[in-house]
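> Chain by chain, the residues run as shown.
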Amino acid sequence: MDIMLAVLALLGLIGYVTLFLGTAEPRHRYGKQFLAIFAFTLIVMVIVGLFVQWPIEFAWQKVNAFYAMFGFAAFTFLIYAAKGLRLLLVKKEDYYEEKGV
Amino acid sequence: MMSWLHPGFILIFGALLVPLFKGKWKEAYLILPPVAALIVVILMHTGVFGQIPFSTWHLPFLGYDLVFGKVDNLSFLFGLAFTLALVPVMIYSLHVKSSTEHMSQLIYAGSALGVVFAGDLISLYFFWELMSIASVLVIWHGATEKAHSAGYRYILWHVAGGITLLAGIIMYISATGSITFNAFDWNSDSTFWASMLIFIGFILNAGVPPLHAWLPDAYPESTVTGSVYLSIFTTKSAVYVLARGFAGFSPLIWIGAFMTIYPIFFAVLENNLRRVLSYSIINQVGFMLCGIGMGTALAMNGATSHAFVHIIYKSLLFMSVGSVLFRTRTANITDLGGLFKTMPLTAVFCLVGAASISAFPLLSGFTTKAMVVQSAALGGMGLIFVLLLIAGAGVFEHAGIKVPFFTFFGRDSGLKAKDPPVNMLLGMGIMAFLCIFFGVYPYPLYQILPYSAAAIYNPFTIPHVMETLELLLFAAFAFFILHKTGIYPPERRTITLDTDWPLRVLGGKVIWFAKGPLSTFSTRMDNNMKKIAADFSAFGEEKEERVFIGVSVMLALLFLALYLIVEISYNWIFS
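Residue numbers (the working numbering), protein chains in the order written: chain A, 55 to 155; chain B, 17 to 591.
Read the hints as simulated data drawn from the structure, not as lab findings. Virtual Cβ for every residue (Gly too), placed ideally from N, Cα, C. One thing to keep in mind: the hints can contain errors.
Once the Cα atoms are required to be at most 27 Å apart in a straight line, the calculated BS3-like pairs of lysine-lysine come out as [stated by the list, open to error]:
1) K432/B with K145/A
2) K547/B with K137/A
3) K153/A with K547/B
4) K525/B with K146/A
5) K357/B with K86/A
6) K434/B with K146/A
7) K86/A with K432/B
8) K525/B with K145/A
9) K145/A with K434/B
10) K434/B with K40/B
11) K86/A with K525/B
12) K531/B with K547/B
13) K162/B with K153/A
14) K153/A with K525/B
Using C-beta positions, here's what the derived DEER-type ranges look like [what the hints assert, rightly or not]:
15) M58/A with I179/B: 49 to 59 Å
16) D148/A with G532/B: 43 to 53 Å
17) F77/B with M58/A: 37 to 47 Å
18) P460/B with V100/A: 56 to 66 Å
19) P267/B with K116/A: 31 to 41 Å
20) L104/A with F274/B: 40 to 50 Å
21) P518/B with Q107/A: 47 to 57 Å
22) N198/B with I97/A: 47 to 57 Å
23) V106/A with Q463/B: 40 to 50 Å
One side of the interface only, derived from the structure: several residues of chain A facing chain B at Cβ under 10 Å [as the list claims (entries may be wrong)]:
24) L67
25) L142
26) Y150
Produce the entire structure from the sequences given, and follow the hints as far as they go.
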């Protein structure tokens, strides 16, 4: 594992934690700065991604920033799908107790 | 050469001695059986008991040769995973006073090791059932009404699975004449149905939907430490038996991929953190089953190594949520938030576990999950590859973001809980260390992987690191946007119906029917029958006059009948 990879990986972890710290309420003293760091990691990932030699197993991997778009889209899809299921499957906390089963 | 000691028996017999100790002595004693079991497993690797593979602890039984100790690379890996995790989990639970709780947990762990080292189907079945019984005791130690009924439903599921497994085993033995536990032959006509019954028994324990409902139902109802034990053994021993018995069984690819997606929606909607993590077990086991279904060396290594690290980070997540439950008495997201200020160490440990399960580079999930995903790409399985990527975003959603964010960050709940006692912190610390260790330096793990160790996998390539980071960070960005705009579903005090809903509602209806209409009907029938019986018995019991009356009436009836027969025959003949 070379230094470049370790730096990228650490940057990813920093992005992950700063998102949490920046989004917590009431807002942290350095909330805005945390979010700025998070945004910085996103930009770095896209820029570095443009220079990566991706292995082409499937045609879609040729698209620039494919995984970034995929991550965003998959996450959004899952949340909307879950919200749809909520109408069908979610019941009050004592649903089974009321039925006595 | 030393003679081998079964690590499972060390735990089971060690458990029986627990009640003899009190106070500090008990704490000192409790750590012994897990450490001894771990030492035995490590000594196995060094060849103290002979070169792996070896087979020992034979026992004659009904003309068969039972093998309790069959050690090869696969069983060694799972044995090591179980015992390595058991030591920190035991440290984490040292503060628990109840002897019976410790006993049931140790016997549960010991029987899982019994499954792992079983060389034949009969001893496999024995330990399989022992594991079910011990685990339901672990659940019942939750000691609430909910824990009691969830445990009852849990054992019903497992009895059903156990009977299916037993039927399959009996059919398999009678068809092949052999009790050895090896890969099953599902292609031959004579053993197809037997293999399928065994398969169903196995996948029920792996938590494959729709046979999974016992898992998110019962695991969150156990004690703080009980859930940690439960998260480790049942599902992963099922992964082990599937890896041994059904490697390359192609339906497992689709079953596994479905399993990675299905629980995500439930985990997104769920309010109880321990239930979120239970759904996340199903998602992670899906990756393993998918790899087992592919059956290539890379995929099998991915499946087994993923099981290995999953045991570590999932128990770390259960431990950190357990610590929050221990201090705040709640694991509901609606009551939690902002705890990172008052429980900083627990928050850090939770983040390590969450980043590991999300497969961030430098943490343990990254070095193993990719082998399965990579196998799908190499096998040209485009749809499976995409499904696994979506599942990767999904696990990041519920285990990587939801659990740490809404517990330790998010909206401040105002709860002022402090970090848990030092033994719990130490247990979590060891687990967190292992997560980072296997994330940064996975090569010791790669070297003990069961399938063609020569081809050592290298996860640290620029494209692999970059695709993971892009995917995860932009999924996090999506969370940020959805959360800020209020689209992200807010937590409510709710439950989510799952595949046990028809069973529970139907079961409830059956019981209502039995208590209501059926018992009214049977009471009436009973009373009427009693009356008729009383009338008949009166013939024999009561006074003679009544007997005479009865006899006279019967004679009169007889003569009447005779007369009618004669009369009708006469008319019929002479008309």
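> Next, verify each hint and record whether it holds.
Hints versus structure:
no. : hint                           : result
1   : K432/B with K145/A             : violated, 30 Å
2   : K547/B with K137/A             : violated, 62 Å
3   : K153/A with K547/B             : violated, 38 Å
4   : K525/B with K146/A             : holds, 20 Å
5   : K357/B with K86/A              : holds, 18 Å
6   : K434/B with K146/A             : violated, 31 Å
7   : K86/A with K432/B              : holds, 25 Å
8   : K525/B with K145/A             : holds, 19 Å
9   : K145/A with K434/B             : violated, 33 Å
10  : K434/B with K40/B              : holds, 24 Å
11  : K86/A with K525/B              : violated, 56 Å
12  : K531/B with K547/B             : holds, 24 Å
13  : K162/B with K153/A             : holds, 14 Å
14  : K153/A with K525/B             : holds, 10 Å
15  : M58/A with I179/B: 49 to 59 Å  : holds, 56 Å
16  : D148/A with G532/B: 43 to 53 Å : violated, 23 Å
17  : F77/B with M58/A: 37 to 47 Å   : violated, 60 Å
18  : P460/B with V100/A: 56 to 66 Å : violated, 35 Å
19  : P267/B with K116/A: 31 to 41 Å : holds, 32 Å
20  : L104/A with F274/B: 40 to 50 Å : violated, 35 Å
21  : P518/B with Q107/A: 47 to 57 Å : holds, 52 Å
22  : N198/B with I97/A: 47 to 57 Å  : holds, 54 Å
23  : V106/A with Q463/B: 40 to 50 Å : violated, 29 Å
24  : L67                            : holds, 6 Å
25  : L142                           : holds, 8 Å
26  : Y150                           : holds, 6 Å
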